[in-house]
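> Listed below, chain by chain, are the residues.
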Amino acid sequence: MSRLQTRFAELKQANRAALVTFVTAGDPDYDASLAILKGLPEAGADVIELGMPFTDPMADGPAIQLANIRALGGKQNMVKTLQMVREFRTGNQDTPLVLMGYYNPIYAYGVARCIADAREAGVDGLIVVDLPPEHNDELCDPAQAAGLDFIRLTTPTTDDQRLPVVLAGSSGFVYYVSVAGVTGAGAATLAHVEQAVARLRRHTDLPVCIGFGIRSPEHAASVARLADGVVVGSALVDRIAKAAGKEQAVGDVLGLCRELAEGVRGARR
Amino acid sequence: MTETSYRTGPDEKGLFGQFGGQFVAETLMPLINSLAAEYEKAKNDPAFLEELAYFQRDYIGRASPLYFAERLTEHFGGAKIFLKREDLNHTGAHKINNCIGQILLARRMGKRRIIAETGAGMHGVATATVAARFGMQCVVYMGTTDIDRQQANVFRMKLLGAEVIPVVAGTGTLKDAMNEALRGWVTNVETTFYLIGTAAGPHPYPAMVRDFQSVIGNEVRAQIMEKEGRLPDSLVACIGGGSNAIGLFHPFLDDASVQIVGVEAAGHGIDTGKHAASMAGGAPGVLHGNRTFLLQDEDGQITDAHSISAGLDYPGVGPEHAWLHEIKRVEYVPITDHEALEAFHQCCRLEGIIPALESSHALAEAFKRAPTLPKDHLMVINLSGRGDKDMQTVMHHMQDKLEKHA
Chain E
23 MSRLQTRFAE LKQANRAALV TFVTAGDPDY DASLAILKGL PEAGADVIEL GMPFTDPMAD
83 GPAIQLANIR ALGGKQNMVK TLQMVREFRT GNQDTPLVLM GYYNPIYAYG VARCIADARE
143 AGVDGLIVVD LPPEHNDELC DPAQAAGLDF IRLTTPTTDD QRLPVVLAGS SGFVYYVSVA
203 GVTGAGAATL AHVEQAVARL RRHTDLPVCI GFGIRSPEHA ASVARLADGV VVGSALVDRI
263 AKAAGKEQAV GDVLGLCREL AEGVRGARR
Chain F
152 MTETSYRTGP DEKGLFGQFG GQFVAETLMP LINSLAAEYE KAKNDPAFLE ELAYFQRDYI
212 GRASPLYFAE RLTEHFGGAK IFLKREDLNH TGAHKINNCI GQILLARRMG KRRIIAETGA
272 GMHGVATATV AARFGMQCVV YMGTTDIDRQ QANVFRMKLL GAEVIPVVAG TGTLKDAMNE
332 ALRGWVTNVE TTFYLIGTAA GPHPYPAMVR DFQSVIGNEV RAQIMEKEGR LPDSLVACIG
392 GGSNAIGLFH PFLDDASVQI VGVEAAGHGI DTGKHAASMA GGAPGVLHGN RTFLLQDEDG
452 QITDAHSISA GLDYPGVGPE HAWLHEIKRV EYVPITDHEA LEAFHQCCRL EGIIPALESS
512 HALAEAFKRA PTLPKDHLMV INLSGRGDKD MQTVMHHMQD KLEKHA
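Same order as they appear, the protein sequences are chains E and F. The end of the first sequence is residue 291 by my numbering, with every number in the run present. The end of the second sequence is residue 557 by my numbering, with every number in the run present.
Chain E with its partners taken away, still in its complex shape:
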């Protein structure tokens, strides 16, 4: 079983949803970012999404755009991001870690090289925002053949006709983007989330994680009652932007992670 499968099986056993946290690699700098990464599992993150910075994150809102700019300011790149994963894995063999980003930095690094190096570093899966199933042959197929999960975003605009096409190339879990919009934007109603989860479950056995616009422990808890996982990104990244210094950034992100974890863990009790 892959690390993602194992983790979601354990959580199902424990009857609770996963807290999936997103931070951008190299934000605010390499060392602080690594400290955050290393601290997340202990602070309650069940699955980690690590953003690969890109100059033109077309599907991201202001919070994650700024995180990308901060990381790129410190010359973060694929080599350093994979190094960060290796350093994380020296102390943690259990927490699934998924790289998330846009295609061009992977394309420039080399697809085959990226897959091989990501496997070796201890990456479990990839989320590539601008690679729809129409281009599965580019990266999705070879990544899955090499044992990396390829996690797809599905959205309110993905209708019943298209959903099987999207899910056909999916593994690990399904990331349901609950609002048609950019990251950090407004949140969907719980009624919408409930319907969407029910619809996805008719099409797939993969765990369903819900993201976009989830900012508070209470909100995370309410979504955790409906889905297999709750994704939080912009709210965590905002703590880095607002911190007075790097130490505070690390503390604040992990602090919010603890609060969110408490919300998620208490949701079904």
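Quick caveat, the hints were computed from the structure, so don't treat them as lab data. Here the structure is a predicted model, which means the values were calculated and not measured. Hints may contain errors.
[What the hints assert, rightly or not] Derived pair list, reagent style DSBU-like, types lysine-lysine, alpha-carbon separation capped at 35 Å:
1) F:192 to F:164
2) E:97 to F:425
3) E:102 to F:425
4) E:97 to E:264
5) F:262 to F:378
6) F:479 to F:309
Put chain F on the given structure of chain E with help from the hints.
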């Protein structure tokens, strides 16, 4: 794609060779696919084509003249120079050709809200114009740097009832405006039609914009046959995203005797790194929904483009141009800011035509070649737009020269 024609692309995945495609977020995919399907229907619908022809003629003012530039021809003493006068179109550039086509399509699809990105502002003005004509809400994303250097066009857009949204991210130019337009589209995907201004972006945009702009090349074919009784020997057009160029080139791609030249903006010079020449100084990559040549660093991060012309200041190029470059059907060459300004000045003084700075890049390359060519060589330069919008930029850069000639 068959081997016998350069005009049959893209394939069913939207690819021209390895270039093009549909590299966008899932939220947009269903809409893009329905747009592709709707466009396929529309372009085979006589009623759609008839209405398009009506607006081309009575609203845009087509056909635009193919003007024999006698004074330029005399001055350079070689090739016979013709200017395709897209500057005489309504709103002053080729941009309106595409906007009319897309707004008719938007109406067919039942969309009432139009968004667009703009660099120099000509596409923004053309979009605001057609949105006003068809009674649709219009939002234009424009980088703050471009807003500063294109005040007149910003004012025009507002007069026409459009909302101009300043984009501060990045360098505040066309690339950033396009990112923000894509974000705006993702956020309002159900109600909104994204009217892309150049032959780039995800499939079907590159093919669709090319088709709407091909009216330029189709007219040139008929006009030069009438004037000279034969096809031109060479075509020259400037390339930013490359919509005016692909519109001129496409109807001639299969005519082996026609030499085709695209002119990229070399800014301060390719070796300075301050340029917008993605083919001469870039590498293949994926941005804004398509794979094409991009200005980028070794990590795949997009680098800033520079050109004196806001309209060419984009780090990519339409995917069909990338393919035509790769298979060497079209020759792509760089022209610097300085060379473009020289050509701008010559066109003003010798023909009484003030060209857009974009078009001045094409003029500069043509003026280099013309003296070396025989007198029976027929050369067509696409005068893609007029230079009114560039007065401030030119005044700033040519103060000394203007004083000398005063």
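> Compare the structure with the hints numbered earlier in the document and write down the numbers of the violated ones, lowest to highest.
5, 6
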